[in-house]
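Visitor: One letter stands for each residue in the lines below.
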Amino acid sequence: MSYILNRVFSMMLTLFLISAITFAVTNILPGDVAMMIMGTQSNPEALAGLRETLGLNDPLLMQYGRWIGGMLTGDWGSSLVFKEPIAPLLLQKMTASGLLVLFSMTIALACAVPLGVWAAVHANRWQDTAASSTAMLGVSLPDFFWGIMLILLFARGLGWLPSSGFVDPADDLGAAIRHALLPSLALGLGLMAHLTRMTRATMTGILKQEFIRVARAKGLKESTVVWRYGLANAVGPVMTVAGLQVGYLFGSIIVIESLFNYTGMGWLTYQALLNRDIPLIQASVFVIAAVVMLANLLVDLLYAVVDPRIRLS
Amino acid sequence: MKVPAAFRNTKGIVGAVVVLTVLAVAILAPLLIPADWATRMDMRARLSAPTWAHPLGTDQLGRDLMFRVLLGAQTSIFIASAAVLMSIVIGLPLGLVSGYMGKTTDNVLMRLVDTLLSFPALLLALTISAVLGPNLQNTIIAIGIAFTPFLARIIRGEALRVAQMPYVEAARTAGNSDLRLITLHILPNIMPVVIVQATISLAFAILAEAGLSFLGLGTQPPDASWGLMIQASRDYLDRAPWTALVPGAAVALTVLGLNMFGDALRDALDPRTRGEA
Amino acid sequence: MVGDQTPLVSIDKLRVEFRGEDGPIVGVEDISFSIAPGETVCVVGESGSGKSVTSLSLMRLVEFGGGRITSGRLGFSLNGKQIDLAQADTQTMQAIRGDEIGMIFQEPMTSLNPVFTIERQMTDGLRVHRGLSRSAARARALELLQQVRIPEPEQRLKQYPHELSGGMRQRVVIAMAMACEPRLLIADEPTTALDVTIQAEILALIDRLKRETGMAVLFITHDMAVVAQMADRVVVMYRGNLVEEGPVERIFADPQEEYTRKLLAAVPRLGEMRGKSAPEPMRLVGETASNAPVTPIDVDPKPLLQVHNLTTRYPVKGGLFRRTIANVHAVEDVSFDIPRGQTLALVGESGCGKSSCGRSILRLSEPTSGEVLLDQTDILALSSRDLRRRAWRDMQMVFQDPFASLNPYMRLRDQVTEPIRNFGIHTGSAVEDRVSELFDRVELPRAFMSRFPHELSGGQRQRIAIARALAVNPKLIIADEAVSALDVSVQAQVLNLMMELQAELGISYLFISHDMAVVERIAHRVGVMYLGRLVEIGSRQQIFENPQHSYTKSLLSAVPVADPTKRNIHDDLNFRPIPSPVFPLGYKSKPSTYDEVAPAHLVLQNEVGLDAAPE
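Residue numbers (numbering that gives the first Met the number 0), protein chains in the order written: chain A, 0 to 312; chain B, 0 to 276; chain C, 0 to 614.
Worth double-checking, as some hints may not be accurate.
To be verified - Across the chosen pairs, the derived CB separations fall in these ranges:
{"no.": "1", "chain 1": "C", "residue 1": "His-161", "chain 2": "B", "residue 2": "Thr-103", "range": "29 to 39 angstroms"}
{"no.": "2", "chain 1": "C", "residue 1": "Arg-384", "chain 2": "B", "residue 2": "Thr-103", "range": "42 to 52 angstroms"}
{"no.": "3", "chain 1": "A", "residue 1": "Gln-126", "chain 2": "B", "residue 2": "Arg-39", "range": "44 to 54 angstroms"}
These aren't lab readings, by the way, just hints derived from the structure by calculation.
Note that beta-carbon positions come from the ideal geometry of N, C-alpha and C, so glycine has one too.
Please construct the entire structure, taking both the sequences and the accompanying hints into account.
Guide: Written out as structure tokens, the structure reads:
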């Protein structure tokens, strides 16, 4: 119980720090919100007046306080580029990206874990070399490269799947999935390669441990030893690695969503950065970091479920 | 004493060969290939597939892709190396001090580092680059800063492990000052991990530069990097896929070589550093 | 009974090879011996002897570690027929493992799957070999736990391994191995990682189970004392070869081979120092070292080290915000003196605080209260600068792990030079001379000076550690389990070296160890620790020949004696788990009070272990 409370408290602190860092970084941007709204050619007096109204001349700490306060009360400001309130925008785009992240993680885990275990069981033999080499290749190719290949193959070449656009699942689930499939694969293939390597490494470590020898000495079948005794111990570490990869995924979606014109969180953040839409930059960066942190918190809590040593101490 | 073992297995050899080749290209190509061979535009031959005249094809401005990709090596490798160097220069002392001092210093520093790790590295690099204005130097800074937290964390873990070893305590009772302990006893023992991490980080840095340039927030023309070449090819994917494949393959090959070599290094160094059994 | 039946196991010219970097490495070669039904055969050897490889080959588990049986026969009597296990297929082996042959290993901490309950791990073997249902298997598991005398067996079944102590885990592992009533139990160093009292219980358990079920036991160990207590027959191995084999009494009384004689000569036997007033180097085969008793130096009446009421507590953090929620009372009100040129040994089992005591004296761990006087200098009052400059010039430590106490990246010469330079003991060319002199003194060739630690063996590294400690000409050396990680023959050499240095240089030792037989050899005075307190202290003769405290008595009775004619295994030992030394904040511990039963022989009057904090 105190494990959970400690984690939650830690999360609050981190959330606070995340907001501080986000605010700090984005406020170094030369050119401010006022200039963006009115354009660079505008009248200096009007510019000054707008700055006053927006509170841009106040000390930084006060501006920060105002921003935090706004977020806590639900007022996330408006995007300069999209001319819309930010909060609903974020929600919609986050759902879109969430779909991608979920998809790619599922595909990746479903393939990587069995493959990694198989490679570990046949360590240093041809099966391992084949699996590990392929995984190594997969890790070395940039995500957008996978994306380009997939576009060339499935969209342009075979014409099976669309290469761009996003459809809200609420509107048309089938179309939503079809549009999400290629980007998810582009994300998932690299992820699968990494997870395969991690699973293999974890399993080889586990298979060297004493209790595996003891299980064999009891006369249990090798498949039981590996897939029950061994794998049960790998779940925790692999889960942790997968959790860390969520962070990496949210970075990759910026590139992938651009490539596929998939209007999710990554695409939104990219637009914000390109156009110096400061309120939107602040909000998206904050939300992404917060989601990553939450994902890791979730993994920590799940670990307690999986590992009795954590659960019962 | 330990590094030679990395060269003994196939993975290490192949990786090393690839890395050395790329390095050679990066250093020698600008010296041996006249710059205008890569910038010479031949509008009649634009977007042509590989031929004898242009072994890897041409891009949308009729420039020879082979020479562009060979010269681009310099930019990409330089950016990646400088960025990783920067992250080590900041991250090594940070992690070392944090791991050695422990207690409050460690808690505070690692809390900061962990928070930074919640920001996806690519996002952090993109934001910094956007904030500073995208160009070659700022790309280095952006990637360098984005990679520092991860490196700092790994180094801190190693420093913590080493600081608790009996030989560090023995060195303390042998009258060594904190400074001598850190430089003569702890630092040499964390170097293997630093080297392995640096190699792997180099691979990621190349991918990061490619990603940043692809999004237009990395290197800018006229600097030629592989990422920029891929970005330029976006509109021509249907007609001339090789314009993307050539630089993409260059990135992939380099990263692959670095990953393989880094992996072999890790295999060679790991079991020995953990108590020679 | 033994000898007139067909042997259960007959190993014939076994040869096992491993894949090495530069070609195959021979694990064992030309090993032949047999095991009769109901017989205990002990395979004994030092590290690298191949004893484990032999047992793993019998179970055909050696293949999982990269080994290959290249030739030889592993005869096993199955259902009246003789089969060759070396040729058996996977299915046959899986049927035999756990059913006909059970195996237990060295590390109880890692022998059990951390994420499965005890019940699951105990019953899956039963369900595979006997086809039992879940409830029938559970009942049998309960029965087995009772057979190995685990308290509260129903509770244990629901628990996970990390909730059990090391001794209990080893009992569970034994119960698992016994589940299908095997005809042979292979025990690979089953008690090496256990405290001596727990070891005595486990040995007694194995012995009783053997008598109750008539199973044979193949017992692998490096400890000759355990061999003397358990074996019917002994097989001595060295570097993959079989050196000698025979009945246990004959091996001990009349060893034929030189290696066996060397091995036996290096084993300190509890009781052979009876009647001797001073420590004595061991009489090793092939060595010309004098084995005259260590001449007592003229004892300066003022003691070198005085420890008064030393208390060291470590905080336990937890709960919300990682506050301090309790304290570990590692060292509690300990007092003793060490005269010049003499050795005080601190003995006890794991967690008794002997190591913490040594570290507190050096201030590697900061004591909570008390007084430590070295030559009248108050060590605890020194600033950290003075600690470095003055205290550590007179006191040094030799650590347990020879592999981890030397910097892998520094040449040996530099590691011995460091203290000389840092303390300014010599300058210029005198430094190099001193280092060479030290290497000579610890009997290492000068050529080693330019080498790195990984090029030396464990015993050689420990000599370097001693040289480094000697470099500053200390008055006191704290040896924290300094010989515990060494092979028996190497251990004896290092002990002799330490005793010679004491005679020559007048160094005092605080010798921390769990090995009573070694302590009996080297110590002038002995202190016994339990749960952080010194329960008894006196001269070596007083402690070993006339122990007074109940813990000292039980400790001494648990130590196996390396003499097959003096067997003392009995299974009526009380299962007394060591209570936790964790106490709540603000707990007021009572000061230690002693009764002086003889001059300088003190016995603790406090009831230790009974004032332990509620869980």
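Visitor: So, for every hint listed, does it hold in this structure?
Guide: Hints versus structure:
The supplied range of 29 to 39 angstroms is met by His-161 (chain C) and Thr-103 (chain B), whose beta-carbon atoms lie about 30 angstroms from each other. Arg-384 (chain C) and Thr-103 (chain B) have their C-beta atoms about 22 angstroms apart, which leaves the hinted 42 to 52 angstroms range violated. For Gln-126 (chain A) paired with Arg-39 (chain B), a C-beta distance near 49 angstroms keeps the hint of 44 to 54 angstroms intact.
Violation of the numbered hints given earlier is confined to hint 2; every other hint is satisfied by the structure.
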